[in-house]
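Line order of the protein sequences matches chains A and B.
One gets my numbering by counting positions in the first sequence from 1 and adding 280 to each.
One gets my numbering by counting positions in the second sequence from 1 and adding 27 to each.
Be aware that one or more of the hints could be misleading.
[To be verified] FRET-style restraints, in silico, Cβ to Cβ:
#1 L269/B <-> F292/A: 47 to 53 angstroms
#2 L194/B <-> V311/A: 19 to 25 angstroms
#3 I351/A <-> L263/B: 36 to 42 angstroms
#4 Y189/B <-> I294/A: 20 to 26 angstroms
#5 L312/A <-> I287/B: 25 to 31 angstroms
#6 S109/B <-> I294/A: 22 to 28 angstroms
[Stated by the list, open to error] Result set (DSSO-like, lysine-lysine): computed pairs, CA atoms no more than 30 angstroms apart in a straight line:
#7 K125/B <-> K283/B
#8 K283/B <-> K264/B
#9 K212/B <-> K264/B
#10 K212/B <-> K283/B
#11 K283/B <-> K354/A
#12 K304/A <-> K83/B
What the hints contain is simulated information worked out from the structure, not anything from laboratory work.
Glycine is no exception: its CB is placed at the ideal position from the N, C-alpha and C atoms.
Now for the letters of each chain:
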Amino acid sequence: MNLALEIILLVFLIVIAAVTVFTKRPLIAVVLFMPFSTILTFIWLILNAPDVAITEAAVGVGMVTCMFILILRKTDSLEDSSDE
Amino acid sequence: MSEKQNKFKNWLDGTYSLYDDSKAPLLLMDELSEAEKQEKKDTKIIGKKPDDIYLKILVYALSFLFFAELLIICFGLAPFGSVDSPIFNSVSERYVFKSAEETGATNSVAAMIMDYRAFDTLGESFVLFTAFVLVLMLREKPSSLFSKKTGLERATRDRLFYETIRLTGPFVLLFSIYVILNGHKSPGGGFSGGSILGTLLILISAAVGDAKLSRVFSSERLTFASGLALLTYLFLKGVFFLLANLAPELAHLSLKPGSIFGAGLILPLNICVGVVVACTFLSIYSIFANVDKEEDL
Numbered sequence: 281m282n283l284a285l286e287i288i289l290l291v292f293l294i295v296i297a298a299v300t301v302f303t304k305r306p307l308i309a310v311v312l313f314m315p316f317s318t319i320l321t322f323i324w325l326i327l328n329a330p331d332v333a334i335t336e337a338a339v340g341v342g343m344v345t346c347m348f349i350l351i352l353r354k355t356d357s358l359e360d361s362s363d364e
Numbered sequence: 028m029s030e031k032q033n034k035f036k037n038w039l040d041g042t043y044s045l046y047d048d049s050k051a052p053l054l055l056m057d058e059l060s061e062a063e064k065q066e067k068k069d070t071k072i073i074g075k076k077p078d079d080i081y082l083k084i085l086v087y088a089l090s091f092l093f094f095a096e097l098l099i100i101c102f103g104l105a106p107f108g109s110v111d112s113p114i115f116n117s118v119s120e121r122y123v124f125k126s127a128e129e130t131g132a133t134n135s136v137a138a139m140i141m142d143y144r145a146f147d148t149l150g151e152s153f154v155l156f157t158a159f160v161l162v163l164m165l166r167e168k169p170s171s172l173f174s175k176k177t178g179l180e181r182a183t184r185d186r187l188f189y190e191t192i193r194l195t196g197p198f199v200l201l202f203s204i205y206v207i208l209n210g211h212k213s214p215g216g217g218f219s220g221g222s223i224l225g226t227l228l229i230l231i232s233a234a235v236g237d238a239k240l241s242r243v244f245s246s247e248r249l250t251f252a253s254g255l256a257l258l259t260y261l262f263l264k265g266v267f268f269l270l271a272n273l274a275p276e277l278a279h280l281s282l283k284p285g286s287i288f289g290a291g292l293i294l295p296l297n298i299c300v301g302v303v304v305a306c307t308f309l310s311i312y313s314i315f316a317n318v319d320k321e322e323d324l
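The task is simple: from the sequences and hints, build the whole structure.
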């Protein structure tokens, strides 16, 4: 059961990582980074590393997204991406 | 448009040379057309520029080789959680079985990073602090971290975001303090709690406005708090490290595994690391939020 869950999560992780890398719109990449971090959090929990999971949830979902959206705003990439 | 401007425009277009008026433009055109012909020939043969193709093949081959190497290493590793794997040596055995008794922390991870390897954690905190100071030095006026031009404030000024932060903020704050203070008893510790606290401060800053938050958390205060926390960490750990080696009787701490104040130095060190991490997160966010588009790009 645990192994199956792990494999499903890892497959999702790889798919989301690939989409994040290959998408051309920066906003989609940034938003997709949130489920990436969330899935990684669950994987840390399954692997018995709850302290890493707490840090991953706070940094990966909260801080990194805030910083990236801020940088997208600063470089006008938010407006550009909506035109495509 | 004057003659000079015309000449400059032509020079930009490549039809006018600054060196020789009569011959150079023609030469330039000839070279261009030859290059175009060459390119057309190449595109007929392979479809693209040859350099690009070879470079791409090289990059993909190298990436695949690296991936394959990592995969082979993965198959060579010991099975997950097996007792025979090389990580189960005397050091980890001591960490697992003696950490509660020696450091008073029931969370052996906290015992490791805050007691056995406390100076390593100090170095990591200094790395964070150095990054913060370097980013601060890039700014021209480090005293005015927050200005009227704000970061996410305008983008996120809607009712839903504000109310969500207002309702969940206190609980997140409480949880972060809990994680920092119980770092030696439960999962978490200074870095985890500090990052939760820093993220919460960033979200509050985006919700209520950076200028409002700057009244409480000015850049001077943040720098002061980080520096003070680092110095406290250095002082506490350094003094106890020296005392434990020179005069072990003086450095004796009453250790009670499982209670909040029973873990000796781990609790104050956790608080120091938490303060450094939270301050660094908020400072770096506010520095980036204050970067002006027209000014810096």
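Hint-by-hint comparison with the structure:
no., hint, in the structure
1, L269/B <-> F292/A: 47 to 53 angstroms, "holds, 51 angstroms"
2, L194/B <-> V311/A: 19 to 25 angstroms, "holds, 23 angstroms"
3, I351/A <-> L263/B: 36 to 42 angstroms, "holds, 37 angstroms"
4, Y189/B <-> I294/A: 20 to 26 angstroms, "violated, 37 angstroms"
5, L312/A <-> I287/B: 25 to 31 angstroms, "violated, 40 angstroms"
6, S109/B <-> I294/A: 22 to 28 angstroms, "holds, 26 angstroms"
7, K125/B <-> K283/B, "holds, 13 angstroms"
8, K283/B <-> K264/B, "holds, 19 angstroms"
9, K212/B <-> K264/B, "holds, 20 angstroms"
10, K212/B <-> K283/B, "holds, 11 angstroms"
11, K283/B <-> K354/A, "violated, 51 angstroms"
12, K304/A <-> K83/B, "holds, 19 angstroms"
Violated hints, in rising order: 4, 5, 11; the structure is consistent with all others.
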